[in-house]
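Student: Residues per chain are reported as follows:
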Amino acid sequence: MGIHQAVNSRHDDPAGHDAPDKVVVCGVSKAFAKGGGELAVLEAVDLTVQDGQFVCLLGPSGCGKSTLLNIIGGFERPTRGSVTIDGEEVARPDPRRVFVFQEYGIFPWASVWDNVALGLRHMKDKAAQSEIVQRYVDLVGLGGFERTYPMELSGGMKQRVEVARALAVSPDVIYMDEPFGALDSLTRLQMRSELIRIWQAEKKTILFVTHDVDESIQLAERIVVFTARPGRIRDVVTVDLPHPRDLGSAEYGRVKNHLYELLGVSHTI
Amino acid sequence: MSPAAPIALLVAVVLLVVGRRCPERLQKLMLPLGVATIGVALWQFACDVYGATIFPTPGDTLLAYADLLKSDRLMGDIVASLFRVTWGFLLGSATGIPVGLLAGWSLRGFWALNPIIQGLRPISPIAWIPIAILWFGIGDGAGVFLIFLSSFFPIAVGTMAGVRNISLVHQRSAQNFGLHGIELFRRVVLPAAMPQIITALRIAMGVAWLVIVAAEMVGMESGLGYLINDARNMGGRYDLVVATMIIIGLIGIVLDLLVRQLERFDEVRWGYTKR
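Residue numbers (our numbering), protein chains in the order written: chain A, 15 to 283; chain B, 813 to 1087.
Hint data in this document are derived by calculation from the structure and do not stem from the laboratory. Ideal placement from N, C-alpha and C gives every residue a C-beta, glycine not left out. Do not take every clue at face value.
Unchecked claim - The following label-pair restraints were derived from C-beta to C-beta distances: (1) B:LEU1074 - A:ASP152: 44 to 54 Å; (2) A:SER144 - B:VAL891: 41 to 51 Å; (3) A:ASP198 - B:VAL847: 49 to 59 Å; (4) B:THR1085 - A:SER144: 24 to 34 Å; (5) B:GLY931 - A:PRO109: 54 to 64 Å; (6) B:LEU1074 - A:LEU255: 30 to 40 Å.
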């Protein structure tokens, strides 16, 4: 615990957060069996995320950032170390913390309405249930598409349904694993600004995995930069820019240069 | 040589040439009709060349329908065949879908059931005819049992494959939202497998319709298969044989169209678009 707290005090706070710790990752390593040997994917990862923070996990493909998110989400178990949320160890997925997948986790056999209502299926008060579903369908701009099935929607619209499905259960934490990776670049930009708008309105803790440097600077308060496999935390960069962020500002460029340096790639081609 | 063959050929050419210029929906009707008419022309031509007396010409076959309708057994035989197929198919679905769901979802269920299913599946239902007659006698019972066997295996295997193909991301979504037990089956497993289950139902219906005719030729005393056999045995009425075969084909098309209606539901249409 001593080491972990040291890490904590080193990385956190510059953004002015005095919110309580939400997600605490402590000494997490993950190795997969591979042809008799072991393939180390993650090594000794320590990370603390405060309540309401927007954190990006940034790194090259295969660096284990998605594996870390799956461990935090409870879909996989770490080989060593532990993850606690609100002081409780994570052992399995939990409806209070919702995942948004890149490859469309919404159900194609259910309408937009039924997808968004999934997490509210046990609500006794049906009027209150419809009110919530309608609110989130409207929030992601899909009003009028309630009876539509996902196959008739564009990629961006499907991803909005998934965001609405996640928000409808009023989760503490939202995990997003390259959620906009399959979208075209214009839709991606639009989805990012909508996500920021929703995050500012709802104040959820968001952990967002990406390999896109620009995406991380546009979204995150803190960017956790990973090394290549086996993934370790290279550094945590704080982005102290107010939203809406000016993509042409000097500070934006400075953060970008810094991230490229950390990732070990040249900024010129 | 009769003028029938050239006339049929002319009709076929007209159907194809005019059909090409028609709107799409009409084309889809006229083009296959044109090809079928070419087949009829070739059939007539072959009869003319060989001067066959036993094998019926298209005209003989058409006249045979008058005899079939007059004898009033045609409806009875159609109903007999459809009765066996319907009940056997319903029994096969009612057992094949649950067995497939179990073997697809539970790994132990898969280990226990899959080798048995794969071992019994290659045995032609025709090979079961002696046993079917031994157990159920000559009649509907044996027919229903054979159709049950014909449909059970394709349906069980298709359902199993459908469940095993549920994508990881949907499984994880279900886990994340706390679905388990009956709710998991109703909301995720069954709907996710449904497109493949419907495809399996189509395949099963096709096999069932093939098998019932064969079964009725060997071990039953009514039905369209029996009608074919009877027509041959009663003085070699091959015109009735061919006429009945055409009826079997047409009913087969209708049965497939009926099962295909299931593919139009909103809940399953996602499974039939290219992925």
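Student: Could you check the structure against the hints above and give me the numbers of any it violates, in ascending order?
Tutor: 1, 3, 5, 6
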